[in-house]
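Trainee: This is what each chain is made of:
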Amino acid sequence: MVNSPLINTTVAAATSHAVKSYGSGDGTIFALNDVTVEFVSGQFTAIMGPSGSGKSTLMHCIAGLDQLTSGSALIDGVDLSTLSDKELTLMRRERVGFIFQAFNLVPTLSAEENIRLPLLLGNKTGDTEWIKKVIDTVGLTNRLSHRPSELSGGQQQRVAVARALATQPRIIFADEPTGNVDSTTGTEILTFMRRAVDELGQTIVMVTHDPVSAAFADRIIFLADGKIVDEMLEPTAVKVLDRMKSLGT
Amino acid sequence: MLRIALKGVLARKTRLFLTSIAVVLGTAFLSGTYIFSDTLTTTFDQLFADIYKNTDGYVRSTQVIDGGFGQEERQRIPISTVDLVRKIPGVSGAAGNIQAFARIIGKDGQPLGEDGFGPPTFGASISDYKGELWTISQGALPTKPTEFAMDDVNAKKAKFAIGDSVKVVAAGGSRTFTLVGIARHGQARSPGGATFALFDITTASEFLVKAGFIDAVLLQSDGTVSDEALAAKITAILPPTLDIETLTGAQITKEVQSDVGEGLSFFSTLLSVFSFIALGVGCFVIYNVFSITAAQRQRENALFRAIGASKRQITQAMLVEAIAVGIVGSIVGLFSGVLLAQGLSAVLRVTGVSLPPGSLIFAQRTIVTVLTVGMIVTVASAILPALRAGKVPPLAAMRSTALDTPGSITRRVLIASAFAISGFGILLAVILGADNVLLGLAILLVFIAILIAGPAVARPVSLFIGRPAARLRGITGAMARQNAARNPKRTSRTAAPVLIGVALVMAVTVLASTIRAEISDAFGKQFTGDFSITADSNFFGGFSPSLADDINALPGVQRASGLGVSVAKISISGKDKGKLVTVIDPLTVEGIFDIGLIDTPVTSLTKDGVFVSQKAALKNSLVRGSTVAVTLSDGSLHNLEVQGIYVRDQLAGNYTVSRQLFDETTVSRFDTAIFILKKDGVQDSDIRTSLNAAIKKYGTGELLSKSEYIKKQAAQVNQLLGLIYGLLFLSVIIAIVGIIITLLLSVHERQREIGLLRAVGMTKSQVRTTVRWESVITSLFGALMGILLGLGLGWIVIFSLRDQGIKRFTVPTTGTLVILVLSFIVGVIAAAYPAHRATKVDLLDALAMT
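Taken in order, these protein sequences are the chains called W and Y. Taken in order, the first sequence gives residues 1 to 249; the numbers are from this note's numbering. Taken in order, the second sequence gives residues 1 to 850; the numbers are from this note's numbering.
Rather than coming from a laboratory, the hints here were simulated on the basis of the structure. Hints may be right or wrong, so weigh each one.
Using 20 angstroms as the maximum straight-line C-alpha spacing, the simulated EDC-like pairs for lysine to aspartate or glutamate come out as follows [unchecked claim]:
1) Y:K840 x W:D85
2) Y:K575 x Y:E72
3) Y:K764 x W:D66
4) Y:K840 x W:D66
5) Y:K764 x W:D85
6) Y:K764 x W:E94
7) W:K86 x Y:E753
8) Y:K764 x W:E87
9) Y:K840 x W:E87
Computed footprint of chain Y on chain W, listed as stretches where at least three residues anywhere in the stretch have a Cβ under 8 angstroms from a Cβ of chain Y [stated by the list, open to error]:
10) 79 to 93
11) 106 to 115
12) 120 to 133
The beta-carbon is built from N, C-alpha and C at its ideal position, and this holds for glycine as well.
Just need the whole structure built from these sequences, with the hints factored in.
Mentor: What follows is the structure in structure tokens.
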């Protein structure tokens, strides 16, 4: 168990002895092998690890996109394995935000509709003030009526960030959010995410393999072979690179 | 490349399967049509060969009048001819033969057989002659004027037993006979569902036709000379005044077979027309599927191009796939046709036409035609998409998404306009007097214009139709609307089968409702009585004229008048023409049935006179006092004086004569309807009671009030309409399959999007809603375009009938609404499976795709 250095210590999401395995008997492959971790509110966590280390699987299982073989995953104290498909969907819609690497947006909807998508799906208006603030923060005010195809890659990712923030979720999961954009845009997006945590009090868990991106986080968890092998607080890119070298990845 | 192409085909079995379905449906109907009509023809050929197998010669009159509409009447010959034939050396036996209208009344008082278009009801002769067409299978031969036999099937159906008293209606009126025997017609228990009442020849002659007359003489040879020689001999020996001809057994068999064959060929032509419509609709589905899959495989093809495949090789690979689909689809379709043919036979059986048992005929022509047509249709539908696939630039391999591109809308609209303008130009020319034949070309041009313009209008129209969905269903509806509009080419191609189906249904509906309106109008104006009694026998048989006389004698009846039709040959300025003439009773018809005579009282028609329609009078330069030579079906010639000209010819046709004309002829005449004017102050219910009692005595006939009668006449169109709707149903099924396939492919293409939506909180039911509304919008788009085209088509057809007296154009409001509702339902049904598949999209797989 890792102790958080922050004062606000509400747990937004957590796993306990999470196991995700494929196959059975001798051929069993463990994508996650007994992972216990907590994500505290108001914190920006990065999950790092080499390909096949289980970092994406861990994120998918906590986010309710995939099911654990054993152990439990909780969001807001709710054990996801107890939820039906519909309840899980509503959980994702209302309490979780997502930013994916690419193809984040529905091509037939405008930027604004994409931002409000989770709210629209729930037939809700949401907190208008908040949404306005989010849109201002990501700097999309004059791009709202555009279709995704009319936006640059960076703008599309900003729309995705805004969508993730729109519902004021308990936790936001980002899967390589800068993997598909150039480094300048990447930095811009990471800065927004950082500001969302610092200024808007959001909680973010980000999967990445890039030390520079990871350095934007408050805390980094290192995964290898489905296990948590290390953790780092207040990281910098140099520290992360060193640690990665020492972990042999 | 061929190996790669074939591997590709096999690797995508689902796609192969989906594309094949469209081919299967189209070819199955064609195959079923062929198998069914071949089977039917062969069965009837065998039936008649069997019936006439003991007949070596057939003597009949040479005089025949063709009244059109398949109404052919041959003159009858004297019954004494039988004896003359019997005495001729070489003839071992002979018997008279009669087959005419008769209707058997069941135990419940209802006449046997179907009303309307059902199988006919006959009366016929039977004797102990060795070559008799009918054989008694149970009981005895009828030999007395009070006895009769009937066919096996209908006797069983009506639960008659030997010894029962049964009422039979025929030209001679209504009589009760004792059932003494059950008979079979050759091997068949009953031919084609027709009912038969059988009498000895004298009774048949007197009761069914006219005493002393028969239809023909059947004879058997003693085998000393050939049938041909015997026939020639008989014709030579019999007095020329009889005007007879002698056919050999083989000739009469062949003649009957070809007569029936003609009737059947109309039926199979009708079926073929609709199976080709279905194939045409199938073409659009095949074309659409190939276009979509080509678009989805753009990257794969671009990769092939990048590593060195030529354009031709890409196109060839697509065509190889088309050939594979064509072969698989046509073969499956060929065999599905067998099932369909069995289904058709079953439908006929249910509707009362029992076919003699026989195995299905699977002719070589069926196999060759179905496989060829299936292959050609498939490959032809795939050519454009294949050519387009070849044009993919190698660079497209690097692009992430590639949909089929909308192309230039302006060019599309321009080309479509060119077609539309030339279509309308031709239409205008026809309105201004050009030949009606050009209308077909106009229709074709406008249709092509609509197909070309489809993608250009698909987006705005889908957005318009989808508006309520977006309003009603929030974001899911809005997304469905955008999905339907996002790929206008695909939407319009998917909607094309719906469009064609709806356009045809709409045109037929317009035509039907117009004709219905015309009929109601004509009957409403011309039938001025209070009640009618109808025979519902479609030109064949009807009421004995004595029924009208009986009704006239009833208290409460002011006047009743019978109306009938008869076949006659009209000779004007040296030209003979077979016609159906209307027969009225001039003494009673006044104030009941009004044909709009100009300045002439209807009572002035004598037995030597004829009323002529204004149209026919103008055409043949006839005036009052002119003479028209009319030959009746018994061969008697009458020079009739034109005694009046009338304007309302919708019901009466061109020639109207008096029933007295027939009094001294051997023509068996029926009334097909009796119109009744009640006395003032008589209660409807009272007169109904006494009229029903009179009808009961005769056994057949339905009593209707004026408004009921008019409604019923108009409703006759519905039967035909039902048949056409039924045949168009297959096109609708193909349209549904087309939507299903497109949606499945679209869902497959949008997996990532669906995965994303599911991740950010779209429930499964919302996913289904989105797919369903997209389907509904597509279907409604097709329906809307189809309705417009169908209205135009209907108008054109009606316009081309303007010379036939149809002048109005009725837009069927209810019909249109029903079509819209049905299209909505079609959309919902078609979406069911694709929507289900969409919910099965694996979230992680979808999100992992880049």
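Trainee: Need the list of violated hint numbers for this structure, in ascending order.
Mentor: Going through the list in order, the structure violates no hint and respects every one.
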